[in-house]
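Peer 1: Sequence:
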Amino acid sequence: MINYIWAAMLIIGFIAGAASGNLEAVTKAAIDNAASAVELSLGLIGVMSLWLGLMKIAEESGIVEKLAKALRPVTVRLFPDVPAEHPAMGAMIMNLAANVLGLGDAATPLGLKAMQELQKLNRIKDTATDAMCMFLAINTSSVTLISATTVAVLAAAGSANPTEIIGPTIIATTVSTTVGIIAAKLLSKLPRFRVKVDSPEQQEA
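The working numbering numbers the first residue of the sequence shown as 1 and each following residue consecutively.
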């Protein structure tokens, strides 16, 4: 879908440029910005390599694991239907810990693993459980304390203080995650979103 949107924007831009007699300006802007995109991408390489290296050190040194242990009391309350020692709980905790530290590459497979384990606890296989919805809401809210990508983009763009984004990021992620959790909790209590296991076909041993 996103490909169609981008294609439509490009076509509309060229049509508008041709209709207004500014097609040459549109073409020049496209070429200039393409060159700027290459320069920005090259500038990102160094910053992202440094940051990802530091995050990898944090992962290998056990910082992520310690953060995961610190998050366990919170996750037990957020996911009361998931046994504390179940592999799903461990995968979710590690996923959240990785996201908090900006380890997106590490968080993705952990998130997929968490969903696979949660599906094993699901008695209605074609319907998401409360735990699945809560986990998805938290991930969608972009729970993170340090946005490595944003810092890298600002640095590559020549920002005088690219780390200034960290403060607003913490505020934004706190608000978005809080709203996501509240919404998931409230919606899960509405009758229209509750599914009863009332037939043998819906149950699995």
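Check before you lean on any hint, since a few could be wrong.
Claimed, not checked - Distance ranges between label pairs, derived from CB positions:
id, residue 1, residue 2, range
1, Ser142, Leu121, 34 to 44 Å
2, Ala25, His86, 54 to 64 Å
3, Ala172, Leu136, 16 to 26 Å
To be verified - Cut-off 20 Å, straight-line C-alpha distance, at most; resulting in silico cross-link-like pairs (SDA-like, lysine to any residue):
id, residue 1, residue 2
4, Lys120, Leu78
5, Lys113, Ala84
6, Lys113, Leu190
7, Lys185, Cys133
Please keep in mind that the hints were generated in silico from the structure rather than gathered at the bench.
We put the CB at the ideal spot given by N, CA and C, even for glycine.
Peer 1: For every hint, state whether the structure bears it out.
Peer 2: Tested hints:
Distance hint check for Ser142 and Leu121: the Cβ-Cβ separation is about 26 Å, which falls outside the suggested range of 34 to 44 Å. Between Ala25 and His86 the CB atoms are about 60 Å apart, so this pair conforms to the stated range of 54 to 64 Å. A beta carbon spacing of about 19 Å between Ala172 and Leu136 agrees with the range 16 to 26 Å that was offered as a hint. Annotation: proposed proximity of Lys120 to Leu78 holds, straight-line Cα distance about 19 Å (limit 20 Å).
Between Lys113 and Ala84, the direct Cα distance comes to roughly 16 Å. Compliance with the 20 Å bound is thereby established for this hinted pair. Restraint check: the Cα-Cα separation between Lys113 and Leu190 comes to about 28 Å, which exceeds 20 Å; the hinted pair is violated. Distance check on the hinted pair: Lys185 and Cys133 sit about 9 Å apart at the alpha-carbon level, within 20 Å; holds.
Checked against the numbered hints above, the structure violates hints 1 and 6; every other hint is satisfied.
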